[in-house]
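Chain by chain, the residues run as shown.
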Amino acid sequence: MTHLNRLLAMLAIAVLAMAATFGTAEASERYGTQKAVYHINGTGGEESKVYLGALRNIQNHLNAVGAENMELRVVLHGNGVNLLGEALANETLQARVVELKGQGVVFNVCNNTLVGRDINPETDLFDVWEDDIVPSGVAELSYLQQQGYTYVKP
Amino acid sequence: MTHLNRLLAMLAIAVLAMAATFGTAEASERYGTQKAVYHINGTGGEESKVYLGALRNIQNHLNAVGAENMELRVVLHGNGVNLLGEALANETLQARVVELKGQGVVFNVCNNTLVGRDINPETDLFDVWEDDIVPSGVAELSYLQQQGYTYVKP
Amino acid sequence: MTHLNRLLAMLAIAVLAMAATFGTAEASERYGTQKAVYHINGTGGEESKVYLGALRNIQNHLNAVGAENMELRVVLHGNGVNLLGEALANETLQARVVELKGQGVVFNVCNNTLVGRDINPETDLFDVWEDDIVPSGVAELSYLQQQGYTYVKP
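Chains as they are written, first to last, in this note's numbering: chain A, 1 to 154; chain B, 1 to 154; chain C, 1 to 154.
Just so you know, not all the hints are guaranteed correct.
Copies of the same chain look alike in the list, so a pair counts if it fits in one copy or across any two.
In the SDA-like style, the derived pairs of lysine to any residue whose C-alpha atoms are separated by at most 25 Å in a straight line are [to be verified]:
1. LYS49 to THR123
2. LYS49 to PRO135
3. LYS101 to PRO135
4. LYS49 to ASN90
5. LYS35 to LEU52
6. LYS101 to ASN69
7. LYS35 to ARG73
8. LYS35 to ASN90
9. LYS35 to GLN147
10. LYS101 to GLY32
11. LYS49 to ARG117
12. LYS35 to GLU47
13. LYS49 to THR33
14. LYS101 to ASP131
15. LYS35 to ASP132
Derived from the structure by calculation, the hints contain no laboratory data.
All chains should be modelled from the sequences, with the hints used to inform the complete structure.
Okay, here's the thing in structure tokens:
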């Protein structure tokens, strides 16, 4: 990630935080506070269309509840890890990931998948840090549900 | 929806309510009372085969637990909204929707999808009323789970 | 199931139980004890590749949490019942099922599917016993979630 990308990410964060402050009062009254984990383990299809659809779902979710009222995790395992692989080259996908992170969304990557597929998170995936890696994607899904997270498979 | 259709719907309701009263005692003893939300966001395939399969799952679910022991919601968003679009022309699909509604099943439609795809619920979808429309399908999925609904993705 | 198969199954159980005892201390500290239900209702694809992937997810889940810390159920209905049909002829798939059962995983089969598709569990499916059959796969999914099981759709 270049310095310019980081700067753009921070700008996006600021703009989206402002957007989140206005206009979501009504929706958040209905939905209150929420915790949700999104389970993504499939392929992205042509031009990452499936992944872009899933991230649009997540953005709509944040808009409805208000990012400040949500803890939202995305657990990627199996083919789903390709989301962050394709985000290296697909600028639209990368921008969506950056925007969601700017609103507090955490992307977790399954270590079993990294090891099993010989994926180097530093070079093969977009913006993955040590804390983002979980021992097992599926065990994490159960763990988070036991912590009160609701489950959504987009 | 014509008057004849409404009449047939009410007849179906009456017949199914009677069916629900008999014969489910054993299954409902195992399952007690249940709340479930079905998540449908995919396409229906040839002749709406996928949607018909999902609605068959729901009918089997009601049969096993007893409709009187269940609160069952279907949340439609993205391509899943086409279920009620295709139900306008596909008589079998329409009949299944009517029968399920007659047993208390609520079909919720995502407003984000309606707006994003320029869908008019009154003319483009089968039997959608204002109360059926929710601000966000995915936020509704989390909301319902937080209210004790179990999650099923058919 | 032949006597040789049963013997091999028991050997696998013993070996895997030993494997589970060593090396999972760290992961189980993170994840504690878990209950999970896996929902499988799709087709297995070429050479049962999709089913093998799902069973690999389950094995990884057990490895991360420790089989002794988990109650794990697989609910099969609709096309998902084919997993145990294909396991009759596909030796790799059969071995995976046997190994998972050896670690305490329960495979539940939907009776609605058996009746609706005229499937004889004794002759058409691999190693299904009366206790494995549940009245309704989908009702069982809700039932288990209401008993504290987390939901994973692989």
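Now for the hints, and whether the structure bears them out:
no., hint, verdict
1, LYS49 to THR123, "within (23 Å within a copy, 29 Å between copies)"
2, LYS49 to PRO135, "between (28 Å within a copy, 23 Å between copies)"
3, LYS101 to PRO135, "both (21 Å within a copy, 23 Å between copies)"
4, LYS49 to ASN90, "within (11 Å within a copy, 29 Å between copies)"
5, LYS35 to LEU52, "within (21 Å within a copy, 31 Å between copies)"
6, LYS101 to ASN69, "within (15 Å within a copy, 33 Å between copies)"
7, LYS35 to ARG73, "both (8 Å within a copy, 20 Å between copies)"
8, LYS35 to ASN90, "neither (29 Å within a copy, 38 Å between copies)"
9, LYS35 to GLN147, "both (9 Å within a copy, 13 Å between copies)"
10, LYS101 to GLY32, "within (21 Å within a copy, 28 Å between copies)"
11, LYS49 to ARG117, "both (23 Å within a copy, 16 Å between copies)"
12, LYS35 to GLU47, "neither (30 Å within a copy, 37 Å between copies)"
13, LYS49 to THR33, "neither (29 Å within a copy, 37 Å between copies)"
14, LYS101 to ASP131, "within (14 Å within a copy, 33 Å between copies)"
15, LYS35 to ASP132, "both (18 Å within a copy, 24 Å between copies)"
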